[in-house]
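There are 4 protein chains.
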Amino acid sequence: MLAQQFQVNTNNVTVNGDESISTYQYHTQHVETTADGKVVIVPECKEYQFKTNNKVPRTGVMIVGLGGNNGTTLTAGVLANKLKLQWESKRGPETANYYGSLTQCATTYLGDDLNGKQVVAPFNALLPMVNPNDLVIGGWDISKANLYDATVRARVHEPTMYHQIEEQLKAIHPLPAVFDLSFVAPNQETRADNVLKGTKREVLDQVREQIRNFKKENNLEQVIILWSANTERYCEVTPGVHDTAANLLKAIDEGHPEISPSIIYAVASVLEGVPYINGSPQNTFVKGFIELAVQHHVPIMGDDFKTGQTKFKTVISDFLISSGLKLTAVASYNHLGNNDGLNLSFESCFRSKQISKASVIDDMVRLNPILYQEGEHPDHIVVIKYVPSVGDSKRALDEYDSDIFCGGKNIISVHNTCEDSLLAAPLMLDLVVLMELFTRVQIKSDGMKDFDSMHQVYSVLSFLLKAPQVPPGTPVINSLFQQRACLENILRACRGLQPLNHMHLEYKLPQ
Amino acid sequence: MLAQQFQVNTNNVTVNGDESISTYQYHTQHVETTADGKVVIVPECKEYQFKTNNKVPRTGVMIVGLGGNNGTTLTAGVLANKLKLQWESKRGPETANYYGSLTQCATTYLGDDLNGKQVVAPFNALLPMVNPNDLVIGGWDISKANLYDATVRARVHEPTMYHQIEEQLKAIHPLPAVFDLSFVAPNQETRADNVLKGTKREVLDQVREQIRNFKKENNLEQVIILWSANTERYCEVTPGVHDTAANLLKAIDEGHPEISPSIIYAVASVLEGVPYINGSPQNTFVKGFIELAVQHHVPIMGDDFKTGQTKFKTVISDFLISSGLKLTAVASYNHLGNNDGLNLSFESCFRSKQISKASVIDDMVRLNPILYQEGEHPDHIVVIKYVPSVGDSKRALDEYDSDIFCGGKNIISVHNTCEDSLLAAPLMLDLVVLMELFTRVQIKSDGMKDFDSMHQVYSVLSFLLKAPQVPPGTPVINSLFQQRACLENILRACRGLQPLNHMHLEYKLPQ
Amino acid sequence: MLAQQFQVNTNNVTVNGDESISTYQYHTQHVETTADGKVVIVPECKEYQFKTNNKVPRTGVMIVGLGGNNGTTLTAGVLANKLKLQWESKRGPETANYYGSLTQCATTYLGDDLNGKQVVAPFNALLPMVNPNDLVIGGWDISKANLYDATVRARVHEPTMYHQIEEQLKAIHPLPAVFDLSFVAPNQETRADNVLKGTKREVLDQVREQIRNFKKENNLEQVIILWSANTERYCEVTPGVHDTAANLLKAIDEGHPEISPSIIYAVASVLEGVPYINGSPQNTFVKGFIELAVQHHVPIMGDDFKTGQTKFKTVISDFLISSGLKLTAVASYNHLGNNDGLNLSFESCFRSKQISKASVIDDMVRLNPILYQEGEHPDHIVVIKYVPSVGDSKRALDEYDSDIFCGGKNIISVHNTCEDSLLAAPLMLDLVVLMELFTRVQIKSDGMKDFDSMHQVYSVLSFLLKAPQVPPGTPVINSLFQQRACLENILRACRGLQPLNHMHLEYKLPQ
Amino acid sequence: MLAQQFQVNTNNVTVNGDESISTYQYHTQHVETTADGKVVIVPECKEYQFKTNNKVPRTGVMIVGLGGNNGTTLTAGVLANKLKLQWESKRGPETANYYGSLTQCATTYLGDDLNGKQVVAPFNALLPMVNPNDLVIGGWDISKANLYDATVRARVHEPTMYHQIEEQLKAIHPLPAVFDLSFVAPNQETRADNVLKGTKREVLDQVREQIRNFKKENNLEQVIILWSANTERYCEVTPGVHDTAANLLKAIDEGHPEISPSIIYAVASVLEGVPYINGSPQNTFVKGFIELAVQHHVPIMGDDFKTGQTKFKTVISDFLISSGLKLTAVASYNHLGNNDGLNLSFESCFRSKQISKASVIDDMVRLNPILYQEGEHPDHIVVIKYVPSVGDSKRALDEYDSDIFCGGKNIISVHNTCEDSLLAAPLMLDLVVLMELFTRVQIKSDGMKDFDSMHQVYSVLSFLLKAPQVPPGTPVINSLFQQRACLENILRACRGLQPLNHMHLEYKLPQ
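Residue numbers (the working numbering), protein chains in the order written: chain A, 1 to 511; chain B, 512 to 1022; chain C, 1023 to 1533; chain D, 1534 to 2044.
Keep in mind the hints are simulated off the structure, nothing from the lab.
None of these values were measured; they are calculated from a predicted model.
From the three backbone atoms N, C-alpha and C, an ideal C-beta is built for every residue, glycine too.
Incorrect hints may appear among the rest.
Stated by the list, open to error - Here are some chain D residues pointing at chain A (derived, C-beta under 7 Å): (1) K1617; (2) W1620; (3) E1932; (4) S1946; (5) N1949.
Claimed, not checked - Below, in silico cross-link-like pairs of lysine to any residue (SDA-like), each with a Cα-Cα straight-line distance of 25 Å or less: (6) K896(B) to D1468(C); (7) K1571(D) to D1135(C); (8) K287(A) to G627(B); (9) K1068(C) to D1468(C); (10) K896(B) to N1949(D); (11) K1579(D) to N1137(C); (12) K144(A) to Q210(A); (13) K1942(D) to W87(A); (14) K1431(C) to L1618(D).
Next comes chain A alone, as it looks inside the complex:
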């Protein structure tokens, strides 16, 4: 059964106007080692409170790279959903949908009804979330093509779909964008006809003004900025430049060459109090930037949308290792022919990508010291190639090798044909929707005297990101199912519900 809405019958939640406060017993544990070497688990139960503002604000999203494949796919897709479009394709009639979106198309288990039937709700019924159809969409692009022309160029949606929204798409013009050829592939220069001029500082100020204008013109209560532009090369992290918030701002003032365009957007975003999401793998979130975000109380999250091969990889690796099989090699090959691929054909941009893709199995390996000795890990290679003729149809070829019982071998080979941007767009929407939601959630633990936002690095969104950022000093979790559980259980906590434990004890009793 699907419950579109639900109430929770609990005394732990109090409602006051738009606000609700949930008082929550959080069960956890820590581990101590005694003097004689014994390991002792110390269970703890701490009280937390979650304060949620249930009023969904009028929200906009500003995409860096609006005219790119992801940007156009998202924009046209949202319009198609809003207008409930239908269109013809080679495969028959199609209807707009949000397939691939956790918030819009996945469900969450609520419990069994009195007949023992399982009841679920849409994921977005857990707490009030913005409807993607209501998002105001804008942003920047280094190419001045309007969104219709950019959609045609992208070769992602069906012509029979986008012809129906030609007028609306033509009306959207990307704002002039920050551009610095030293951070992207030389081949990107030909696209760059819509570029902000001036010193780094002047450019930063212009971006801030663009954000303010977008908010004002569209009468928005909240804006989220989403980097979906080209993967930049890593900026060279430099003491005195990237290490503190103050140095970072000073370096911008001084036009330091290792201040990348993405840092300028991210800083502008924070200074305008607008949450910022990094959908590419480059190291925008240098130490000084995170400090700046914390200082300004502005949430940020990254890096790199977790869409296809990597998402799959975290699932398979988790499955194998958590079954006690010794994964010995992961070889991941990709090719694609869109502009992302073209840019990644440039070695230093690819390097950023490679780094973000490479570490995703590290935590699973580290957490099984039975299979892996200290320092031992599976061979792991990642290759991305530019193959123009496949366009946006990304191909991933993976091989997973494992050692099994007593000398046996297991070889899993996977070929994945996917449309890169059609996987990314719903995930970008999830990031916007959930990022906005969590700006309305405050937390108060035992030791805190007042409610506060969660740490500005919103690691609760790890499910959606390849190389999830975490607050300094905290462990990274790459297991997709654990990431999902984390998100689901925190949303449940806001509603006064205990985490899902999957135990179903009631069905295990003698009858």
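Starting from the known structure of chain A, arrange chains B, C and D on it as the hints suggest.
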């Protein structure tokens, strides 16, 4: 960090000699619908108690099909581990291990230490479990080949390994077995030179005696019986025969033709008070048999070891659907060349297998009514073929097709080369180890006046089975990660630990 | 260099009006065994003459199953080419083409020019062939949908393409068709609203009249009939019914139940002097039918278009075995969701298909008695499944296993995503074009007193067919490259050119 | 039927002692363009004579890289065959064989016998060839490990096999080898404990002496040298160094740094009159070297053994393009874990490999100007990665994308698991066997006054090489089937047999 052992610092567990009792607050919820159609979740917290006997008994396992590929692989593999064997292979030196075993090679997360480092323990440190090296192994086979000859015939282990244990293996002779050609493929007859004679009733009595003898001769405190023989065709479930415990016993007395060999083993097992596991897909667990097991308080579990393709499938399907992608087709092709494949080349045996493999995605689909309308489900086909030349090296070719955002398609194609029996053997050991363990665990919920075993259908072991049996009237869960969470959280509960919630709230606070 | 046309400078060809006669020295050899067991090869050189009528007639094609996926794909595709259509698709602009057609898109090597550059010509420049754009297309279908509606139903071409030819397609109405539910899957009945009525004899007469009318109305000089309808089950070959031409005609008169619809079409075709091609695997070409075709001097050819997996298989198997590798297993799995798949989900229809696909590697195996002992052959399985959601996008998953040097193994796994009808249509056109061409070629060997057609079973077209028919008593060749060489060399012979020997001796001399 | 031996009943062959002379009518044609632009094919028939010395000499092979995986696999494999070894493996009993060898395990079609049965012969029955079992094997390695230790290190053969020939293998010690770290990966240095000392000239002289000694000590009539060592980086071709034979010798005298070890071996080989085969992709065969080989009348051939992925690729590409399908992309990914992989992980060595693999489809593309405009070609990428854990089990993942009829797409994805050295060894033997054979074949065409060897670049062996060398100014053929036809037809010519034309005209006549 790996903790080989750990203690729990809690007042909720009391220890009394070998017994410990954990008092546990079980959080769950049910769903009600109000008169005006509103869905209300009602959280509940019930107290449960778990009583665990921590003394591991001297345990034996009797395998039906001891001389088959699974049986020999397990037996030789356990010997190799016990003797810490090393051997040469084409790929270099190999060492005995239990890779692929959840209990022996997977870890469980305990908590973070005071430096924020994650601490894990071997899964089998959660509660005292029998060490596979200590199992006494015996059983039945329709072929009288000793275990050495059977190991050579199986072509699974390396000759350089089994030559080292030739003597030990030669000393093991399978007991004469129940055989009824009408339940397996005609091609099995040539193997059948070690068969019990007599009426069904006489055969049942002989099996019971074999069990008693095995226990006595080996001085065992506990025995587990594991069906790992040929997949039988479904017995034709007949009112008056299979519907009640009494009728079932009567039908055996009368020699009814639809009493399959597996039913005879299972009944003998229950009548001897010995837990029974069905590792093949046939319908041994007819209604009358379950009634019998409940009456005699003997735990049972099945059906069909979840090793390769199906395990993978539940992971991939779960991943896709829980990400909001609409899985539209699953095509699963297999071929193998061992005796299992030969037997499955017989249509009616294959039918049993097909049924057990077919339903594994049903619950995931049913629980997402956003993607799937009532009655709608992905196309799903399962094919198994006998290809002698590949031997025990099973090949699985799968395709997963999904509808993605706005008309997009995703095609995942998987080729899996695996050694069938080398995946199965550690899983069989897990079943034995965990089955034995749970016979030492008793439960007492709010409404019960005394401790009792869990329901005799041990659904807590679902993780290990393709078509997990559940107590009558309870939902089947096929999601591998949920099945693992269930098992892990129940074991934690016995130790006084709350379920893992993956929330890591302490790392989400402002710093 | 591409030569669109070429002349041959030779005295061996004489031209007389539209006719040319080539005198040709055919080198071959036979093998004898001497009394003392020695094998002796006896080279022979025989003179052949080929008489070609170079005037291309106005040609029509009548497709049985015109409204099916192949029929509509071909019809709309030819129209698109004729009108030089362009259209938009998701992947960008598309242009009509004949990709996949040997005659239209492949080249043939002519020789090197005086600078040592290789010169090629289009395959269809070898002899005058009908241009597919000039074909008049008609035929039968059990569904009365006009070709536009049928094209929409097929879901093969882009809507943006077929909308441009809506009018032309709507004007094409399939003729009422022969239908006998006992020969196809029961699920086909719902489509059957356009069916000829009457006894088998009456139906035969109506078909003959339809052929005559088609020819007359379209003012055609030649017609080719192409069976592209559902795979029928094998008719049960019966003495006195299918064994002689006379019996076959008598059985039709008597309405014998084992006279299939395809036999009726084929007999009608022959009686009208119209060449007949069987594009499905069923046994239309029973002995009596071949006798009838020979009696009436009407060319026929079949069975089963060789498009995807099987074509690939003959290439891979040929490659492996001719490299000295021992192919040990071929496992071929397919699924598709078009009406062909639906019909093949019926066991007895599938059986026909399976037979045609199964024998394709037999000749290669038999011709390597070093690798394969007498009677030994690779394991070979073929599975076809109906998976509605994939539509016309056929998926083939194949595995090829080989034994290599000294105990090594090679496993090749292939996943092929293809559009079934888009591969078939150009091949159907090739069959029509080449069938028509060879009706204009006559042959005269040493022993013949006058020119005559080749044997009516046109085995020269084997390249295009999965289970190529051959004249009684002659060997079947499945090697794709040998089949292509056969066709190419015979066409060359008609032009007075010796076969390609690939020796390039001139480049191997000392310089 | 298999004929182990055969005679040819012809007057075109005369025998004189060990020599036979075949007089052969070679049919070919060239293409001219007339003044008015017409293309004219001019057939030609030239007389050639082939003189074959039918006495097989006592032959040795010296392998550069004897202790590497290829070298040890070949050596142990030949011993196993010679001794008719049998051994046990995981998969059952194994027997020595030459699977994968064209000369030993492939057949050639002779003709039909009088009953219409096809008769074949082993490929090596076409002309007298050395039996691999009779080869004396020796060579160089930079590691001094004896062949037994090297075989163990290689992890290719089964221990149960090589233990049987431990003594024989231990007796083989590689000669000290030429080593220059600047040409291979730095990681190779650790292996290098068996290295020739001195200037390049001194080293050259030592190698020449080693060759003479090998010949003398083993009483050999013929020696073939085979480079099977690490892929070197390309030497930087320099005017005045690599351009003429004289300069090359001078550069060696002067110790020029761009004289690679492989050039030293090749020059030594030529100066000793010993044929040289280059099994790796580097540019050993610089212009000056080819001149030297021609001057000294010493046959040479290369480059790069065509074993796995590339061989497959030439077959698939040929198949697709010659069927009229437009291949648009080929993505080839490989990984392996042997020392070849380790060396190739060094960028400049990989570059050599990449070049040799990249051009293999160029000729097929160029020869179809219908599908490909001038300058257009498929996207083609080649990636090789080092993944230690897979060892010698090389994995190739390929994707072939094609445009098909009217906008359709075909995607073929291939996963190939293979043992690298087990594919290479039989092919190396073929090269030795055929190279030796062709040194006994002389040719005389119309214009020549006396018999002479073929051009020293033995392009007739192209079938076995990835980037086949050809005499200057002659076209490269990569089509595997054409390469095979070339070889087969030249061998037939030596026996007085016309080329195979696959026409089977006798079966196409009216009956």
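Consistency of the hints with the structure:
no. : hint                 : in the structure
1   : K1617                : 28 Å, violated
2   : W1620                : 17 Å, violated
3   : E1932                : 6 Å, holds
4   : S1946                : 4 Å, holds
5   : N1949                : 9 Å, violated
6   : K896(B) to D1468(C)  : 52 Å, violated
7   : K1571(D) to D1135(C) : 13 Å, holds
8   : K287(A) to G627(B)   : 20 Å, holds
9   : K1068(C) to D1468(C) : 7 Å, holds
10  : K896(B) to N1949(D)  : 21 Å, holds
11  : K1579(D) to N1137(C) : 19 Å, holds
12  : K144(A) to Q210(A)   : 16 Å, holds
13  : K1942(D) to W87(A)   : 21 Å, holds
14  : K1431(C) to L1618(D) : 18 Å, holds
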